[in-house]
Amino acid sequence: MPSVMLKKNAEGKLIFYVPKKDLEEIAETVEFDSPELWGGEVLLSDGSKYYFEPQAQPDFPVTLRAKRLDSGEE
Amino acid sequence: MAALTREETEALIQEVLEVYPEAAKKDRAKHLAVNDPTLEKSNKCITSNRKSLPGVMTVRGCAYAGSKGVVWGPIKDMIHISHGPVGCGQYSRAGRRNYYVGTTGVNAFGTMNFTSDFQEKDIVFGGDKKLAKIMLEIEELFPLNKGISIQSECPIGLIGDDIEAVAKKASKAIDKPVVPVRCEGFRGVSQSLGHHIANDAIRDWVLENRDGDESFPTTPYDVAVIGDYNIGGDAWSSRTLLEEMGLRVVAQWSGDGTIAEMEKTPKVKLNLIHCYRSMNYIARHMEEKYKIPWIEYNFFGPTKIAESLRKIAALFDETIQAGAERVIERYKAEYEAVIAKYKPRLQGKRVMLYVGGLRPRHVIGAYEDLGMEVVGTGYEFGHNDDYDRTIKEMGNATLIYDDVTGYEFEEFVKRVKPDLIGSGIKEKYIFQKMGIPFRQMHSWDYSGPYHGYDGFAIFARDMDMTLNNPCWKQVQVPWKKADNDPIAVAASA
Ligand code: SF4
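These protein sequence lines map, in sequence, to chains A and B.
Numbering follows the working numbering, in which position 55 of the first sequence is assigned residue number 55; successive positions increment by one, without gaps.
Numbering follows the working numbering, in which position 199 of the second sequence is assigned residue number 199; successive positions increment by one, without gaps.
So here's chain A without its partners, still in its complex pose (with noise of 0.2 angstroms):
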């Protein structure tokens, strides 16, 4: 369970950053991602999945608790 700290970039996509490995990803889709729900499944652009719980959308930047689903490729 690896703590997230997530951000938006100047795009308004979600930056996805894991300090302990020094991952600093975009994250390509989120599974909800509307202002009531958000969270579930995150797709990074590596490949690699995580799990959010989800809940009402955080106040970004934020740091939250994920779990990894899938390593992508490595």
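List of simulated lysine-lysine pairs, BS3-like, C-alpha gap at most 30 angstroms:
no., chain 1, residue 1, chain 2, residue 2
1, A, Lys7, B, Lys291
2, A, Lys13, B, Lys41
3, B, Lys269, A, Lys20
4, B, Lys44, A, Lys8
5, A, Lys7, B, Lys311
6, B, Lys44, A, Lys7
7, B, Lys168, A, Lys20
8, A, Lys49, B, Lys26
9, B, Lys168, B, Lys121
10, A, Lys7, B, Lys267
11, B, Lys269, A, Lys21
12, B, Lys30, A, Lys49
13, A, Lys20, B, Lys392
14, A, Lys21, B, Lys44
15, B, Lys392, A, Lys13
16, B, Lys392, A, Lys7
17, B, Lys291, A, Lys13
18, A, Lys21, B, Lys30
19, B, Lys291, A, Lys21
20, A, Lys67, B, Lys289
21, B, Lys51, A, Lys20
22, A, Lys21, B, Lys311
23, B, Lys392, B, Lys51
24, B, Lys289, A, Lys21
25, A, Lys8, B, Lys41
26, A, Lys49, B, Lys289
27, A, Lys13, B, Lys311
28, B, Lys41, A, Lys7
29, A, Lys20, B, Lys267
30, B, Lys26, A, Lys21
31, A, Lys13, B, Lys267
32, B, Lys25, A, Lys20
33, A, Lys13, B, Lys289
34, B, Lys311, A, Lys20
35, B, Lys41, A, Lys20
36, A, Lys67, B, Lys44
37, B, Lys41, A, Lys67
38, A, Lys20, B, Lys44
39, B, Lys30, A, Lys67
To be clear, the hints were calculated from the coordinates, so they are not data collected in a lab.
Following the hints, position chain B with the ligand against chain A.
Frame of chain A; chain B with the ligand shown alone:
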């Protein structure tokens, strides 16, 4: 010498790896790469921030070096205790040349070495009492200090001292911030974790000190300079540019910085990050907690300076944007003259770099402004995100090496034959003896500043005087020179 092709560079890496035993070869192979600027992500080609192999020569430092030497040390009005045996602090004392104004020993303490000087009995019985005592002594002898930080050396973590408790008590007793930093040298794989630990200590013990206190008058143009250690005056030649364009620099982290500046940083509008590697953590934290955006900038060489000034200005209103243009215009004649003078002497020269965590990519632009080309670069303690930012700056098929070993670096240099090497003090004399011009790029070889327009003039002069120094022609003994071949000399007689 013509540039190596991709195939030649790959072959060179293979050849260099050949001498290693199987396991070491496999490991080191992941740290050496041929650059491909089309890649988006560096992890496809290079691995970084891993433990160095036992048996090879690495030039990395320790976590204590990253915290005391880099992040905390330059905060001039605090006293930083090197807690543990005397050597760690004394052998690294004042080596980074972080300039500051103030009277050393009275209200500034940058070049002094404070240590708890551990003896056997402190290891056996614990050093907490001694630590508490020296803090009271410090307060008595140096009453103008604005706080104390405790920089743990290896033994502290090993014997399990509770420096946090001592710090809290001392802070009450002297009524000043006392910050315990758990930066024991054995933590992590390099000084890089020390930076992170130091950032976290600032986050936990300093940054919140003025939360809820609105007495500091702010302006819409407040910024903080983060990750500039004022080496040879770097932060000063950067700060003037920002001020000239209309911004107000509230804090310098941490070159010529003070604890009061750090405490005020959560009030600024924008954090400007120069050394991303050592201070991105605190910037990210402030972004999350105080909603302060941050951007990276680069003040090496006029091209990057102008780019950065415009990038910074774009986040403010027209007055600042006009200010940026005004600054660029004002210095134009100056830097054009520098280029006109030195470019003809440096044009086409090839450089290999191997520095810490920022310069391997940040100085590339400054060399290019002088018509030079960086043909190899690498970090001592960079991470993936540093290499991500590097592959775009470097030319195609150039060499990239992470935590390069002494042997690898020498072999690369023998083959690539650069005209100049920029690296650290541990590499300096080897390459000078090999007859290759060398600049020490950590502390600017006793020169500097190199940041800003003023710094660029000094940078250009230094590169020229090193590279074109006539001494390099004298390195080879006369009887080994081809044109002194005795038969040829005899024949021409
Ligand atoms: S590794 Fe430990 S003993 Fe060595 S300099 Fe660093 S803190 Fe001191």
